[in-house]
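For the sequence shown, my numbering begins at 1 and goes up steadily by one.
Warning: the hint list may mix true and false statements.
[Stated by the list, open to error] Listed next, the in silico DSS-like pairs over lysine-lysine satisfying Cα-Cα at most 25 Å (straight line):
no.	residue 1	residue 2
1	290	454
2	367	454
3	339	368
4	290	306
5	196	4
6	4	37
7	454	362
8	252	4
9	290	249
10	285	454
11	127	113
12	474	447
13	285	249
14	196	131
15	89	131
16	252	89
17	252	285
18	127	89
Since the hints were made in silico from the structure, they are not lab data.
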Amino acid sequence: MPEKIYIFDTTLRDGEQSAGVAFTPGEKLEIARQLEKLGVDIIEAGFPCSTPGDLEAVQAIAREVRGPVICALARAVPADIDTAWEAVKGAAEPRIHVFINSSDIQMAHQLRKDREQVLTQAEEMVKHAAKYTSNVEFSPMDATRADPRFVFEIVRRCIDAGATTINIPDSVGYAIPEELGAFFRALFENVPNIHKARVSFHGQNDLGLCTANTLTAIQNGARQVEVTINGIGERAGNTSLEEVVMAIKTRKDFLPFYTDINTREIYRTSKMVETYSGMPVQWNKAIVGKNAFRHGSGIHQDGILKLRETWEIMDPAEIGIPQGTQLVLGKLSGRHAFKEHMLELGYELTDEELNRVFAAFKELADKKIEVDDRDLEALVNENLRSMETAGWRLDLVQVSAGDHAAPTATLRLVDPEGNIRVDAAVGTGPVDAVYRAMNRITGLAPKLTEFSVKSVTEGIDAQGDVTIRIEDEKGRTYTGRAADTDIIVASAKAYMNALNRMLLTGARPAEARANP
1 MPEKIYIFDT TLRDGEQSAG VAFTPGEKLE IARQLEKLGV DIIEAGFPCS TPGDLEAVQA
61 IAREVRGPVI CALARAVPAD IDTAWEAVKG AAEPRIHVFI NSSDIQMAHQ LRKDREQVLT
121 QAEEMVKHAA KYTSNVEFSP MDATRADPRF VFEIVRRCID AGATTINIPD SVGYAIPEEL
181 GAFFRALFEN VPNIHKARVS FHGQNDLGLC TANTLTAIQN GARQVEVTIN GIGERAGNTS
241 LEEVVMAIKT RKDFLPFYTD INTREIYRTS KMVETYSGMP VQWNKAIVGK NAFRHGSGIH
301 QDGILKLRET WEIMDPAEIG IPQGTQLVLG KLSGRHAFKE HMLELGYELT DEELNRVFAA
361 FKELADKKIE VDDRDLEALV NENLRSMETA GWRLDLVQVS AGDHAAPTAT LRLVDPEGNI
421 RVDAAVGTGP VDAVYRAMNR ITGLAPKLTE FSVKSVTEGI DAQGDVTIRI EDEKGRTYTG
481 RAADTDIIVA SAKAYMNALN RMLLTGARPA EARANP
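Please model the complete structure; the sequences and the hints are all you need to start from.
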């Protein structure tokens, strides 16, 4: 019988550590609910000691998401572990994930401790976590650059102390698959009590090898893998959930295993994380990229027309990718039909959300001849984003520009107390003028570090999807995203979204961020 590979999703923890990503509590809860639909086994919901907001978000997920194990990360210190337990104790199945540095370079220069001190601290803190729950995971951070003999000893002692899952992290993306395979074989040969724990692997993508390393770890005894949606994460990112899951499903000849992932929810989950993170999926990204199932070569197109399997090793329908453009809604469509179609696309809207999104749909349908599913996804995500980051609200944008005129923008905003504020500004272009006017009204002056616009669909009447990143005076980054048929309006909405996010979420203290 094939063995199960347990999927440990860390999108809400390591994924959120991507520079410029800061999920709001509501977004974290919605992503967690979608991960439950996807069928992940463990959700690492956050790092509760980092901020009170993250603690509250993990507590909400623990209360409301009952299917998967809910895990919280903690450094090997009592306060972190106590806070992690406060965060997850309400879960149906709580887990505490304890980590400590294990490589000589990190022990000496980050912890400033010797090996024996680290061994003792790890052992004591795993025991401390085990007082709260029998579901304790331990990670010797930077294990792939550590002395293997030291890793074997710290793993042995932490299993005896109560760890039931042992995770081997390639924390800086250093490992080569052949080398990693030998490491895992040696782990099983040299840790006498290893059979008492489930062995896991956490890969980073600094050398572009994390998926290959993860599959190698599975082939050499790992039965849990730590992954993120779209591969987001610290620096170059983490192992992509979708790549590992589909590799297992597609290549059973080399990977005689299975997962409990409902692969038809992959595309929906990918789009949600793309939207809330503000990190666009690259077109040639495996599995979920825009070009993953598109064919430009005449030879390929000919083969696809004759038999899809000639050039596609996976059926896009199995990933939940919509096939073709479904033009089923227009300006005469009713509320009930709209609600039902949103359910088909995976959006379960509350009455308040439905009212807002349906009104926006009617407005869009008056501007566009054809409204397809991509428009609807952009529309609903843009409106849900603006509801989640409520604060300042854009009420009017009016721009005057031309090749012989100074670009001028007049804005009317509604502040968080409901007061109407109006001002105008001149800029180097219409978008710059809009942003200057918004800064004047709000009294904020972040640095714009990134601005991009792309078309949601084809055609001259397509919506423009704008993504921006801003940076506050302390160097903390916030993302805003919005869509509209007028790219100036979309730009204004995206900037407003980023400003509200800056006011709402704040930022984690740098010293409290972690990357096992």
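Each hint, compared with the structure:
no.: 1; hint: 290 / 454; verdict: holds, 13 Å
no.: 2; hint: 367 / 454; verdict: holds, 18 Å
no.: 3; hint: 339 / 368; verdict: holds, 20 Å
no.: 4; hint: 290 / 306; verdict: holds, 22 Å
no.: 5; hint: 196 / 4; verdict: holds, 17 Å
no.: 6; hint: 4 / 37; verdict: holds, 18 Å
no.: 7; hint: 454 / 362; verdict: holds, 22 Å
no.: 8; hint: 252 / 4; verdict: holds, 12 Å
no.: 9; hint: 290 / 249; verdict: holds, 21 Å
no.: 10; hint: 285 / 454; verdict: holds, 17 Å
no.: 11; hint: 127 / 113; verdict: holds, 20 Å
no.: 12; hint: 474 / 447; verdict: holds, 11 Å
no.: 13; hint: 285 / 249; verdict: holds, 18 Å
no.: 14; hint: 196 / 131; verdict: holds, 18 Å
no.: 15; hint: 89 / 131; verdict: holds, 12 Å
no.: 16; hint: 252 / 89; verdict: violated, 38 Å
no.: 17; hint: 252 / 285; verdict: holds, 22 Å
no.: 18; hint: 127 / 89; verdict: holds, 17 Å
The structure does not agree with numbered hint 16 stated previously, though it agrees with all others.
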